[in-house]
Structure formats: structure tokens, C-alpha cells
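2 protein chains.
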Amino acid sequence: MAERIAVVFVLFPNLTQLDFTGPLQVLSRLPGADVHLAAKTLDPVPTDAALNIPPTCTFADCPPADVLCVPGGFGVDEAMLDKDLMEFVRREGARARYVTSVCTGAFVLGAAGLLKGKRATTHWAYHDALADVGAVPVRARVVRDGNVFTGGGVTAGIDFAFTLAAEIAGEDFASAVQLGLEYDPAPPFDAGSPDKAPPDALEAMTKRYAPRFTAFRAALSRALSRAMTNP
Amino acid sequence: MAERIAVVFVLFPNLTQLDFTGPLQVLSRLPGADVHLAAKTLDPVPTDAALNIPPTCTFADCPPADVLCVPGGFGVDEAMLDKDLMEFVRREGARARYVTSVCTGAFVLGAAGLLKGKRATTHWAYHDALADVGAVPVRARVVRDGNVFTGGGVTAGIDFAFTLAAEIAGEDFASAVQLGLEYDPAPPFDAGSPDKAPPDALEAMTKRYAPRFTAFRAALSRALSRAMTNP
Numbered sequence: 119m120a121e122r123i124a125v126v127f128v129l130f131p132n133l134t135q136l137d138f139t140g141p142l143q144v145l146s147r148l149p150g151a152d153v154h155l156a157a158k159t160l161d162p163v164p165t166d167a168a169l170n171i172p173p174t175c176t177f178a179d180c181p182p183a184d185v186l187c188v189p190g191g192f193g194v195d196e197a198m199l200d201k202d203l204m205e206f207v208r209r210e211g212a213r214a215r216y217v218t219s220v221c222t223g224a225f226v227l228g229a230a231g232l233l234k235g236k237r238a239t240t241h242w243a244y245h246d247a248l249a250d251v252g253a254v255p256v257r258a259r260v261v262r263d264g265n266v267f268t269g270g271g272v273t274a275g276i277d278f279a280f281t282l283a284a285e286i287a288g289e290d291f292a293s294a295v296q297l298g299l300e301y302d303p304a305p306p307f308d309a310g311s312p313d314k315a316p317p318d319a320l321e322a323m324t325k326r327y328a329p330r331f332t333a334f335r336a337a338l339s340r341a342l343s344r345a346m347t348n349p
Numbered sequence: 119m120a121e122r123i124a125v126v127f128v129l130f131p132n133l134t135q136l137d138f139t140g141p142l143q144v145l146s147r148l149p150g151a152d153v154h155l156a157a158k159t160l161d162p163v164p165t166d167a168a169l170n171i172p173p174t175c176t177f178a179d180c181p182p183a184d185v186l187c188v189p190g191g192f193g194v195d196e197a198m199l200d201k202d203l204m205e206f207v208r209r210e211g212a213r214a215r216y217v218t219s220v221c222t223g224a225f226v227l228g229a230a231g232l233l234k235g236k237r238a239t240t241h242w243a244y245h246d247a248l249a250d251v252g253a254v255p256v257r258a259r260v261v262r263d264g265n266v267f268t269g270g271g272v273t274a275g276i277d278f279a280f281t282l283a284a285e286i287a288g289e290d291f292a293s294a295v296q297l298g299l300e301y302d303p304a305p306p307f308d309a310g311s312p313d314k315a316p317p318d319a320l321e322a323m324t325k326r327y328a329p330r331f332t333a334f335r336a337a338l339s340r341a342l343s344r345a346m347t348n349p
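Each protein sequence line maps, in turn, to chains A and B.
Take the working numbering: the last position of the first sequence gets the number 349, and nothing is skipped along the way.
Take the working numbering: the last position of the second sequence gets the number 349, and nothing is skipped along the way.
The shape of chain A in the complex, shown without the other chains (with noise of 0.2 angstroms):
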């Protein structure tokens, strides 16, 4: 029988659903899985969309996770400010084999002080504020960095989720499971970065962001400081 292995998503509201369910279906697959979505209480959690998501278990009573993996979204700003989410996610993430984000949900991570000189990724747009948690900020869809696996913006998740895959369950099962989910990308635009999009996209999606991430910035200061006076 193969050995179990405890995936846990930490579940708030307004998280990005994509960042969650990408690498869900991957990792879900993964032989011997078990996957637990944790929140805060058992009622479904709101997404950013019109998916409400009924949690599994609470962070009270979550199994010891293998993986832990944090997605992101706007409901990261109080998610950060969390005390359950927070301390759960310090002692999971003390403990557990992978400590991992997709998108924004690695500010997650680095509140609870988990990326403290780990290099690591997000969303592009929040990119430079990785060094403000004590990470090293790489350009890159998918980063790992000994145990800890991060991911860029929302659908880096499934990219991300591959890697893990194979790091956990090998090439020849991650490629596998590749065929089985038909991942063979074809985007019909080339937009999907900032270097790669019209300036028109930059343009709207940079106005999209910028008062979101006035508001994300406080709440990460303000995350940041009381991690300093409750250590």
C-alpha cells in the first residue's frame, strides 16, 4: 500500500479559486493523497468567483500536514491578520515536508515568517514586495527553495503543482499525469506577462491593482509587526 500523504490547502474568504483548484486537480492525483481544505470553520468559504468552497476540517482539527499549500487572492490582506490562520500556518508549516503558495498566498508564508531568506515567487504585480517578508524575490513561475515551492500568479499553481508532483511522486507520474489533464498549453494570446502583454492590458490591470495594493501593503505591515511583538 502506498504511504499516506496529508495535502492541506488553507481555505479564506476571497481567495483566488484558481490558485486552490489548479493545483488541486494535480496534486489530488498524487498517489496515496489524502487532501484536506482547512479553514476556519466549516462554512463554505467565498472565492473570488461565484464558487463558495465547503472546507473539510478546520485548522482546530486539520491532520498533520505533508504539504501544505496556501493559495492567494485579495482575501490575503486579512488572511494575514488571522490569528488561527496564522498560527496554523506557523505550525504546519514548521512541520510539514513542502511549505507552499501559489500567487499571493506567499505573503501568507512570509508573515508567518516562513520565507525569511528562502528565494521565492508571487503574483508579478506584488513582486517586489517579497523582500519586505525577508524573501529573495525571483522572477520565475515556479521557485523552490529547499522544502519551500512557490508559485507565481494564479495559474502558475498548475506549473507549480507539476514540479511538486515530481519532486514527490517522480517525472514519469508527474508526466502522467500531465497526458491524463491534457496540459498542453496554447494560450491563444501571448499575454500572460507583464514584458509579454499590449501596454493597453498593463495599463488596465496596473489600475486594477494599484489601490488593492495600497491596502495589501498596510495589511502587511501591519501582519509583519504583530509577528514581532507575539513571536
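It cannot be assumed that every hint is accurate.
A pair holds if it fits inside one copy or across any two, identical chains being indistinguishable in the list.
Here are the computed lysine to aspartate or glutamate pairs in the EDC-like style, where the Cα-Cα straight-line distance is at most 16 angstroms [to be verified]: (1) K314 to D290; (2) K325 to D290; (3) K314 to E289; (4) K234 to D250; (5) K158 to E196; (6) K314 to E196.
No lab work stands behind these hints: they were computed from the structure.
Chain A is already provided as a structure; the job is to place chain B on it using the hints.
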């Protein structure tokens, strides 16, 4: 104020969650989008992973669809034989502006008679069966024939959704969303289609699908003979 557009996803037990959540992430960003997750009842719908999806409406009370989208998965076998679901797909498929599917969701459209004479695609392992529903199988990641848009297996749903988003809201809009979702894919391996995958991966997946495919063909055959007796 932007015109409202009702994007309706058809949910059924044992769907492949990323077939749905990939397009959801893109299409929920359409200007004026009202996303509806329609199922037979309001009970959370189990998927192939740990995720159960709470519907937002039933087939009986779902608002009229502008975009009808049917995901796939092994649950398609039963979905094609569910009278309520098939009636809903027939009714909404007849009046929706866009009739769409991802992965083996194509066979739900096909069993409803919506792919007759249409060029279409589906998951690579099920491609040949498209002819059984009167479609013209096209080996492509996204296929458009008039108002019918079909995507290939699982992750092809993301490429499908950007193609459809550009059709509905323009290429500039789709490009901006692509940048926001950082969709600049970089799979760690090049194994995402049968002609690229290592032979071992292809063999493993072919073995995985063989028994499923037999059951699928039987279900499709039953669904089609029902449609002939109750057109």
C-alpha cells in the same frame, strides 16, 4: 451599465473539477457576468477531487443561459442518462448565445443533439467517439463552429475560456484578464498530449481509461437510443 450576461455551468456528480474551475476563473471576469452553477438539486456536487461544489440554482429555477458550459469527467456517463439534466441542456442549448463544453462535457451536448454536423473537440482519449454523436472530430485544443465552442481535455478549458472571452468581450479584454491571471504557461515537462508524452505515460493513461471507456461507450449508446425514442 454593462449588459448582463448569464454564464451557466452545468454541474453533476463526479465531474472533473478543473474542467469547470478553469473556465469559471476566466468567464466570471466578463463584464456584466452573472455566473450560475446549476445542478439537479441544491446539494453540494461531489467532484473527482476533495472539492464539493454548492450549486447556486437547480435546473428547474436557473435563469436563461447566455453562455451554457458543460464540463466533463467520468460522471458524464450518468449525466447523459439523467433526464432532468438532459432536458435542461436541450432547452438552454436551443436558446443560449453560446453552447460550450470542456473535455468530455462534449458528449453531454452531443447526447442532447447539439453537436450534429458541428466540428468539435474533447479529451484526446475520447476523441473518436465524437463521430457517434454526429460531430466532426477536430484534433485541436479549442474548436469553434458557429456558436458552439468546445475545449479539449481538462486544462484545455482555460484556452477555451480565453477564446470565448475574446469573442464576447474583445481581444483587449481577454488579454488584460490573461495578464491578471498570469497565464503564461511553462509546463515543467512536455507530456501534455499523446504525441508528446513519453511512451510509459501514454501506456499508463491508456490503461487507466480503458475500462472507463467501455462503460462510457455503453452509457453513450443508451443515451443516444433514448434520444431517438424521445426526441
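Verification of the supplied hints:
1. K314 to D290: between (32 angstroms within a copy, 13 angstroms between copies)
2. K325 to D290: between (43 angstroms within a copy, 15 angstroms between copies)
3. K314 to E289: Classified as between; 14 angstroms across copies, 30 angstroms inside a copy.
4. K234 to D250: within (10 angstroms within a copy, 57 angstroms between copies)
5. K158 to E196: within (12 angstroms within a copy, 35 angstroms between copies)
6. K314 to E196: neither (31 angstroms within a copy, 43 angstroms between copies)
Checked against the numbered hints given earlier, this structure breaks only hint 6.
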